[in-house]
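Enquirer: Numbered according to the working numbering, the sequence shown spans residues 387 to 648.
It is worth saying that the hints were derived from the structure and are not from the lab. Among the hints, erroneous ones may be present.
With a Cα cut of at most 25 Å, we get these calculated SDA-like pairs of lysine to any residue [said to hold, decoys possible]: (1) Lys536 / Ala607; (2) Lys627 / Gln585; (3) Lys633 / Ala607.
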Amino acid sequence: MMEKNSFYIINELIYNLYSYESIEVFTKHFLPGIKLLIPYSYASLLLCREPKPAEPAEELLFHPPICYPAYFEEAEQEYLRSIRDDHLLWILHASESQVIRESDLIEEENRLNSPLYVRCYRKFNIFDTLQYTIVYQQKMLGVLTLFRTKIDGAFSDDDMFYLRSLGLHLNAVVHRLCAFPSRTWETERLIGELRIQYQLTGREEQILTFLYDYRNNNEIAEALGISEHTLQKHLQNIFRKMHISSKWELLRLTRSHSYSSQ
């Protein structure tokens, strides 16, 4: 049974996940935040990228690693240079998200003496890793990895359960942040002005921003982790405050507001 304190932390992490508006903000707050639920020594997020013209299309390619603490990037940069030596690389080609505890798959002696471990992780005294593959609609988006040292010990079954509990939300949020990167300063300014003028709540401001990106109701509800019924209630409140009757009128209003502010 989940402890009450862990339940509160998970709820807080999920609530905060849907408020992040850029990968930078997400990693700045989520990576330290998850440490309250699953203690670790180091964490990294590897996000997939599209291949360049000269690169093989069938291989998984990654952006530069995002690490906490930042100096752990040294290990992950070395890992990316040696990635073809990773015996667990097959995990990253799965069409569904998985939680993998490395100590379950490879015996300690083999794990801690492998060439990959010696090159990348021995300097940091890594003992065990817990990986979550971030997959959205069968598309691999990246992998979140938590690392523990020998002093920390191996990850527990509870740790795996907690990470799996966050997974569905993590998939949706990373998809949103990668597919719809942070807005321009001008757009942020406009949305802020509309929020003040029409006294919108924080949630209504989020929905307005999604509408400004031409997101449909299903996408907005999924990104915010709410039902379409709840979304409709928020939309009705927004329309009432702004004296309009549809989201198309809303978009026309925001566009005209943008021109009048220039």
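Enquirer: The structure should be examined with respect to each hint, and the outcome stated for every one.
Expert: Structure-based check of each hint:
1. Under the criterion of a C-alpha separation no larger than 25 Å, the hint pairing Lys536 with Ala607 is inconsistent with the structure, at around 42 Å.
2. Annotation: proposed proximity of Lys627 to Gln585 holds, straight-line Cα distance about 8 Å (limit 25 Å).
3. For the given pair, Lys633 sits about 15 Å from Ala607 by alpha-carbon distance, which is consistent with the 25 Å threshold.
Going down the numbered hints, you'll see the structure goes against just number 1.
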